[in-house]
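*Asks:* Which chain is which? The protein sequence lines are A and L, in order. Take 773 as the starting number for the first sequence in the numbering used here and just add one per residue. Take 773 as the starting number for the second sequence in the numbering used here and just add one per residue.
Just so you know, the hints here were simulated from the structure itself, not pulled from any lab data. Any given hint could be a false lead.
No copy labels: a pair is met if it fits in one copy or bridges any two.
Result set (DSS-like, lysine-lysine): computed pairs, CA atoms no more than 25 Å apart in a straight line [stated by the list, open to error]:
1. 1142 x 839
2. 867 x 1400
3. 1430 x 1399
4. 1110 x 1399
5. 1195 x 836
6. 1399 x 1326
7. 1522 x 1179
8. 838 x 1502
9. 1110 x 1430
10. 1400 x 1110
11. 1462 x 1110
12. 1430 x 1371
13. 867 x 1469
14. 959 x 1071
15. 1462 x 832
16. 1132 x 1163
17. 1072 x 1030
18. 917 x 1371
19. 1249 x 855
20. 1098 x 1400
21. 955 x 836
22. 1098 x 1399
2 protein chains.
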Amino acid sequence: MKLNLLLKFALLLFLLTNATINASFQQKRELLQSHPNLILTKKSVLEIKSQLGNVPVFDKTLEKIKKEVSIEIEKGIKVPVPKDLAGGYTHTQHKINYATMQKAGVLFQLLADEKYAIYIRDMLLQYAKLYPTLKRHLLSKSYAKGMFFWQCLNDANWLVYTSQAYDCIYDWLSKEETVYLNKALFKPYADFLSIETPQFFNRIHNHSTWGNVAVGMIGLVMNDEELVKRALYGLDQRSENLKAKDNDGGFIYDKDGKAGFLANLEAPFSPDGYYTEGPYYQRYAMYPFLIFAEALQNKKPELKIFEYKNGVLIKAVNALLNLTDKNGVFFPLNDAQKGMSYYTSSLVSAIDIAYYFGGKNPELLSIAKKQNKVQLDITGLSIAKALEAQKEKTFVKKSLELSDGAKGNEGGIGILRYEKNEKTLALVFKYTAQGLSHGHYDKLSFSLYENGNEVIQDYGFSRFVNVEQKNGGGYLKENSTFAKQTIAHNTVVQDEASHFKNNYEIGSKHHSDKYLFDDSNPNFQIVSAKEQNAYSNTELHRTMMMVKEKELIKPFIIDVVKVTSTQNHTYDLPYYYLGQIIHSSFRTNVYKSQSTLGKRYGYQHLWKEATGNSHDSSTQFTWLNNKKFYTITSVTNKDDEIILARIGANDPQFNLRKDPTIIFRKENENNALFMSIIESHGTYNPVTEKAKNAYSKLLKIEVLVDNSDYSSFKIHFKNGKEKILILSNKNNRENKKHSIRINDKKYSWKGAYYYKLLK
Amino acid sequence: MKLNLLLKFALLLFLLTNATINASFQQKRELLQSHPNLILTKKSVLEIKSQLGNVPVFDKTLEKIKKEVSIEIEKGIKVPVPKDLAGGYTHTQHKINYATMQKAGVLFQLLADEKYAIYIRDMLLQYAKLYPTLKRHLLSKSYAKGMFFWQCLNDANWLVYTSQAYDCIYDWLSKEETVYLNKALFKPYADFLSIETPQFFNRIHNHSTWGNVAVGMIGLVMNDEELVKRALYGLDQRSENLKAKDNDGGFIYDKDGKAGFLANLEAPFSPDGYYTEGPYYQRYAMYPFLIFAEALQNKKPELKIFEYKNGVLIKAVNALLNLTDKNGVFFPLNDAQKGMSYYTSSLVSAIDIAYYFGGKNPELLSIAKKQNKVQLDITGLSIAKALEAQKEKTFVKKSLELSDGAKGNEGGIGILRYEKNEKTLALVFKYTAQGLSHGHYDKLSFSLYENGNEVIQDYGFSRFVNVEQKNGGGYLKENSTFAKQTIAHNTVVQDEASHFKNNYEIGSKHHSDKYLFDDSNPNFQIVSAKEQNAYSNTELHRTMMMVKEKELIKPFIIDVVKVTSTQNHTYDLPYYYLGQIIHSSFRTNVYKSQSTLGKRYGYQHLWKEATGNSHDSSTQFTWLNNKKFYTITSVTNKDDEIILARIGANDPQFNLRKDPTIIFRKENENNALFMSIIESHGTYNPVTEKAKNAYSKLLKIEVLVDNSDYSSFKIHFKNGKEKILILSNKNNRENKKHSIRINDKKYSWKGAYYYKLLK
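Okay, chain A solo, but in the shape it has when bound (with noise of 0.2 Å):
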């Protein structure tokens, strides 16, 4: 056998040699239809061989999947009857079976050890024989339940990173071998996925993108045209039902009918790469996206796949890096899990790829060193070598929006960014479409960010992924009873219901608009979206702007939250801070014994801590987290409700985590108006017992003018300086002149805002 190899090796050497000089077409047809062709190429594979010792960064995750690789087999091979949820025994060794196998097919191309092989042939040769005596998981709620996993989904991994090794043995197996394979266990299996799972294979959602590629994958593997045929455009079948959901309440069909791979990269991405269910989902998409597009490019290079969508693949990988804080954390929109990172093997595989094909972008390349591993192809041979080379230059996260929407034109995401000597500021307005199944209903909600620390912070979602105990690592209850909901998120609700009565169909027919979005001026960046559909009759418009003073070391933030209806309701705007109440300027009682803040839309998780009123035109509340300093000063009327509360009612299984807010409430108004500055302007130090700039900067604020046309505020600073600001509510564009007259004084200006000192 190992004779057989060297020799295959040496034919192989002989009919590149000849293929670079002097090939016919014909022949380089052959040599593009030998495995491996998918990932890996008898070309790169050549070509990295070459390289090998002299590309650090490659070098060192060869040695550490080596590492990996052997344990695994020595271990010997475990392909156990499927049986238990995610986090439990079988789920996770076959997981540990897929990615050990596309590890060691990569080793026995690399190594030209054919230990490796055989290692991956034994195991797929137990896949074969055991997947026929199977039905689909028994202990399964999915509406998408699986074969070797509880869902379809784990099933397509299974299958995409299969198909890799597959392809890296495949000419090193007999021809029986592949065609009993072929039989007996990946047709059947890429069938299993999509025509006897429609309802899983022909959606919009990245399950189906995992499912497009796996079958997309394994068809390229096997020469099969139909199987890729039906990756790239769904399949033919459409279902009756259109109302069908899946266990995330999500649409199980699209309406227009589409389906496939190609579908799934046009209606998600938004011309600026944004991924509608959001970052951690992109995150997940991200792989099967980008390895099924490299694997095109090697083997059907005219679908010029890296440029469909004005090359929205690669736009796509920089928006997701953009949508991290500090640390390179996703920003947790909709349905999220914090902690999740740049430092994910999907980003491994994205930069990799992206640099390559994308036009070899040196900021990338200061992401990949952070990394500080690669993918073991071309691509990641290619950012090992510049990275050698030292050719890399910082990412700079800068302000920027990315639009929702197939077309752009549904909403986005602002991000107002302000970085100087390590003090960094992120604030992330939300203002696009529902996003899918996985979308939150927090229409103009924000969340705001202090160094990679959470200031003001979004939820993420009510799940323990992989952590079996809880719920098999699923969704849990609170998720759709509270981390979705409104009342959840930093942003307005009426009448204590959620936005669109929490109706995922409604949601789904609606997006928000974008008014503004201006980060020209560092010292005064804005961003302002309007939302007419969150509830009838009701417009909700937020305006939010980080502004630098001179004096003050870090910016701030103002938020002005306009509500108009043409009913009186009670309105809701918390703020989930973190961390403990230092001082609060209003009085608030507490209460010897605790219930809910309301019944229903997430309000049942809610404990009433504390109400109190205003008193007062403006108020202010401190708090200290992460040994700073942060205050909200607000404009309220006196009979304001403020309260404090905290998560956790109604939560039998304590899933969700039991984190403080403060929620300005104004009762029977049609028209409300919040506004509030939130700062941070001080720090504590434990260790040196020094509080410093323990106080707000601010004063107090005033509203000087509130109605259709303009809202306009005076800002009061202790230091005695006063600004102006003023907003325009209905015209926002650049060039418009606006006049108008208060207390007496006039103001005139360009443009839908004003800010200035008082003279």
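Once you've looked at the hints, dock chain L against the given chain A.
*Replies:* Just chain L now, kept in the frame of chain A:
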């Protein structure tokens, strides 16, 4: 003036040269009496100056101090009329003033730049002018109202630092100036802090230590023997009212009538160097203790202060360093702010002084290296030189016991540690005396740390030091109503009442007793203690073990609490875990509305979140914190109540942290046995989303025997292994032979415990 200075230096040089070669006793005497001679001396200044530029850490510190002082000199001298409480402007300014003067004094000596002397002189003259116009602080509610500050303690701080500055410029000042300052400021101020405030000066307490040292230091500078004597031995006057108390509830007068620096060195330190108030206050007191010791060593070497009480000052530094977690943060025993660490400036002094005067222990250098700064005197120079010569050895924190009580017979602290491959565990078990007024009612309590993070926390105190908004930075009401109470700690509460019914007088009469401390077997370390007086007719006996099983990565903690009483009672044993609940083997009911757990003794501050019954003889409770999985496996009776509670009720100012606890409750029992095992068994990675070892390795625990002589348990591991633990409850002798029959099997061993595989 400059010329004058140069002449003085020339003269000094002449004198010194002469002195060292052929000095008469009289000349030596004169030399000792010429300034500086307190911390810096004429001789050490010359030595330091000769080394400058060659001692990086020293040079760097000097550079930093220079910058800090420059900034202050540029700002100009500000000596405001005292007005504010802690954290306020005048308070902070006077603190800055004394700190800057002390630094400027050093700079004057080392850099011979007169601007520093002028700065100190001019500031002192302003203080001398201000002082006679003042009365005791108006807003203060202190038992010892201060003059420049709200409390005498801060005034004493002022004098300790300012004395050093004064010493540095004493010879530079004119005779008229020193006579004036002595008379107008320093002598009356020293009298104010002592004779006029005996309730502050004449105690056994860290406050008095500062007072003693303040008076002693200025006495040494002014050559006022009477003041030095007063400092060393206290005031003659004795109060009639032995029951008078300070703001913290501590006794003002010692019943034995002892006072002064030497008494404060005698009584609160155990022979092992443990300071009875706990490490947080020990850290604070170390500076006056050691800086005065250094001054005394310089000026009154015949006192042999560093040999006092078998060298307790040096031992105290060693004890303090051992009372820190992996990151150098002090264990928050008794009243303590979390986060305080050996990076604090008083520990820089302490390390430097202990190194120089305590035999130059190279392990101290590794701490000094981390501190990366030194005291600017001969001790700091010595550290800097040794660091430059790379003489440091790692400071190894081993398991150890520190006795409490002046004679070391009043219980103590047992610390069990484990460290391997960057994995560390530290168990801190407290069986001390009351700890003066800063003591907590927490007999036999413990806390547990992993890699410097809290696993089972000690709450610490309820106070935000120097955060003015929080009660002027002083102690909060909740410190006495919650933080000091027994239920705030991880120890047994009888009938919902704190130890000694929270009575300081009674608590101060008693201490717990060591039963056993044995760290000789690194795989089975054990500490055990008894408490006879916390509740009448009741004995509490707790034994804690750190056990490393070969097949487990980390050790676990076995916790056995045996309560013996003549009557039936309710017993609560809380564990203050942190983080989120992952699973419990018992069912709990959560409440629609939350009420407090009780009415008094801290129970009024706990919300009852859920209660349930164990329904089994062994229960498990798993949580996730800092990406680690922890489980408590407990022996339970079927009708034991398990309470999940959270701190925060009846807390109108939100002074308390809203941390959770699990409480095991046994009702209507006279003898109660609690037995639990605390495991750190797994990890969670939010980037790879892998849960590793998310389940406990233990199956259950069984009680085999429980009587007054022995308690025995069978520990069932999930891998089938079974271990037998037998504790001798009455006889703790190492050589005592035991033999008992359990389930028809005979066990024979020597010593107070048996832990072996069941064969």
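*Asks:* Any of the earlier hints contradicted here, and which numbers?
*Replies:* 7, 8, 18 and 21
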